[in-house]
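Asker: Spelled out from the first residue to the last, the chains are:
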Amino acid sequence: MASMILQAEGLKRHFGGLKAVDGVDLALNAGEIHALIGPNGAGKTTLVSLLSGRQVPDAGTIRFDGADITRLPAHERVRRGIGYTFQITAIYAGLSVFDNLALAVQRGHPRDLSGAVTEAAARVGLEALLPQIAGTLSYGHQRLLEIGMGLALHPRLLILDEPTQGFAAGEIEGFMALVRGLVPATTVLLIEHNMDVVMALAERITVLDQGRVLASGLPAEIRANRAVQDAYLGGSHAGD
Amino acid sequence: MRALSLHLAVLALLLGLHFVLPAYHHANLARIMVLAVFAMGYNIAFGYTGLLSLGHALLLSAGMFGAGLLIQHFGLTAAPALLIGTLAGAAMAAVTGLLALRTTGVSLMIVTLMFAQAGYLTLLYFGAVTGGDEGFPVPAAGRVAFGLNLAAEGPRYLVALGLFAVALMGNLALVRSRFGRVMVAMRENEERSRMLGYNPFAVKLGLMALSGLYAGAAGAFYGVMFGYVGATFATIPYSILPLLYVLLGGAGVTLGPLLGAVLMFYLIDLASSHTTVQLAVTGGALLVLVLFAPKGILGSLRERGLASWLP
Amino acid sequence: MAAVLALTAVGLSLTFGVMRVVNVAHGEFFMLGAVLAWVVAQAVPSAPLGFVAALILCPLVVGAVAALADTAILKRLNYDPEATIVATIGISYILQQGALSFFGPDARAVEAPFSLRLQFPWFGYSGYKLFVVVAAGLVLLAVWLFMTRSRAGLVMRATQVDRNTARAFGINVDRVYAGTFALGAALAAVAAVLIVPIQQAHYLMGHDPLLLSFIVVIIGGLGSIRGTLIAALLIGLSDGIISMFFTPTLAKIVATLAVALVLVFRPQGLFGARA
Ligand SMILES: Nc1ncnc2c1ncn2[C@@H]1O[C@H](COP(=O)(O)OP(=O)(O)OP(=O)(O)O)[C@@H](O)[C@H]1O
Ligand SMILES: [Mg+2]
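Residue numbers (the numbering used here), protein chains in the order written: chain Z, 12 to 251; chain D, 633 to 943; chain A, 183 to 457.
Please keep in mind that the hints were generated in silico from the structure rather than gathered at the bench. Check the hints yourself; a few may be wrong.
What the hints assert, rightly or not - One side only, chain Z facing chain D, incomplete, derived with CB under 8 Å:
#, residue
1, Ala-85
2, His-86
3, Val-89
4, Arg-90
5, Tyr-95
6, Asp-110
7, Ala-113
8, Met-160
Every residue gets a Cβ at the ideal spot worked out from N, C-alpha and C, and that includes glycine.
Okay, chain Z solo, but in the shape it has when bound (with noise of 0.2 Å):
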């Protein structure tokens, strides 16, 4: 087996009485491609939340590359490689696209700057709109400088909320190849709601529900699994 990179153990996280997350176990093998589903509202983004930092558990452990690192603030999580890109995109929207890279990219202090900035956004393909403010840019685009500037700051597990909403067809095609190259150099953790993109990237499946860990394993388990397929990839296929 793999060396684990992240471990979360217990982990609860209350609003009130709504129990968003309610004690779950997640395990992360280096260098893989994690998959998180579940429906809305199953508590995805504020598990993530508890793992980048964002928000603190109201019970449970989380270890990073063997480290406790339940009580570190968000921002030096960062600085030990968990990177983040927001479901709700939250891009610098009154600078342009090169300063929000260049925010990202100088975090590792590289010698020549704009050089680094153009090989970031030629990754996501922006490097033709680097001056440009990325309030005016189109959605699809802020989610593409979204993930660039996550992507910059190289980090060792990268968590992406839905990444691949409001992309067009054809740039989800470019996506997954762009996180197929990222393993095993980087972890990812990647929240989808896009069946196709997850069973075509994932190695391996967490299904959340009402904040519960659902089932997981290998894609192949996880289609066949009855309970999965209930609450679910049934309900949600047949809606669709």
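The hints should help you fit chains D and A with the ligands onto chain Z, whose structure is shown.
Answerer: Chains D and A with the ligands only, in chain Z's frame:
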């Protein structure tokens, strides 16, 4: 390149004015340049970092009294007093920032306002030492640095220009540095900045201290160069003043504070030489700016495509 | 005085509670009420009549000024919290200027309506102060009833909870805001009319009540009217006690620092529930 040449041209213009201005405007401009340094410090906090403070009078008076009290009670000469006063501004900003920066937005405004008010009352409370409401004149010996009388007209203008030049070029360098980009990032989206690995509290605290360094320098130089130190400089109007200058000239533009200070100074000067409506002018200017020109003069120009000239 | 302080503070709390707006000009509305009370007292020969006239007229005029300021200025800013503060600072300068220009820089006293008649021998001070307490209490009760029982109060509370939903339910949010802002200012004016026979009217008098109201509103929990009342009583009473031990200046230093620290460490106020 364009920005650098514009800034140097402004400094050259100010130097040229030294030789041609009549005495009255010569003295005014020296005053304006020091006040513009104060407003530049405010601009670093408010315009670039997005920290809306209503308590910068505290930092100004920390510099002024830091220098003034040392001269008055310990017989220091101008040079060390100015240095210590400047640092006192930064230290005061750091200490109050440690508490105030735990809040944001409206709470930050009120907390800074309250700290400044407490500072003003403290100056009154220790009236025996600080001179209270009346303040005190800076002793003649304390106005001399390196054999130069800073309060005499010629040197005063040049010293004010020197201070302004250092402050302006420092501001320009900051804005164009990598750290300058982080500063603006805090204003634009703090949460995003945190998720890029920046510690918002530490960044904001550092910038608040830098802002205090500017304000402290302005206070110390103002006291020494104009020979007077008083608690009025710690009152609320002196916290509003830099806000007004920055809003008028353009928040988040390096040259905004200077332009705002020049225009507002002469607007009030003009109004008060004919009538007694300074209050209404100040209030009206605030309203007009916040309603119709929230970006200020240079901010609006920058939007019209002059961005490469006006960082 | 706790009663007058409570009135002023509740006015401030109301505007913050419903509109999420910090009104820095609140102290100036108080000052305006006091100055107008003096003007009315000059115009009406008999003191009691003048007092009653002032009690009715001043809040109306001040409320109207506030409503005007709201629709002409604050509404255009979309009630952006920070821009609003800057704007109300501007308004406060203009109101001060108005008072200075038309009223002059001197402090003016207003005669109490019945200072002589209620002077009990065993009361150390005038019966008028007692009247102020009762009157302030009645006004507060009326405000409370208005907020909890009347339809308008319900509409205001609905707007407080969610502006957009309220709009969707057909509530004219603009009018509610203008009304709230006017009501808050009018309360300050009532407090001022009550206080001028004790204190003198002056164009800079708005400063202290503003600071005190801030203290009360923040310690009581921003926007919580119940907390504001408790805090006002507490501070009004403790003010006397604190100033027995400290000089007034030291008492103010302690109070302002306390407010700052409350905002930093307990933003929901000392009496507010945890968010
Ligand atoms: N800050 C919060 N306060 C209260 N409730 C919250 C908060 N954040 C999330 N919730 C609730 O917690 C539950 C889980 O939300 P979460 O955003 O984690 O779901 P999700 O799985 O990411 O859903 P989606 O697929 O729609 O993004 C939801 O019911 C949501 O309403
Ligand atoms: Mg989500």
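Asker: None of the hints should be skipped; say for each whether it holds.
Answerer: So, going through the hints one by one against the coordinates:
no.	hint	in the structure
1	Ala-85	holds (5 Å)
2	His-86	holds (5 Å)
3	Val-89	holds (4 Å)
4	Arg-90	holds (5 Å)
5	Tyr-95	holds (5 Å)
6	Asp-110	holds (6 Å)
7	Ala-113	holds (6 Å)
8	Met-160	holds (7 Å)
Every hint, counting from the list given before, is met by this structure.
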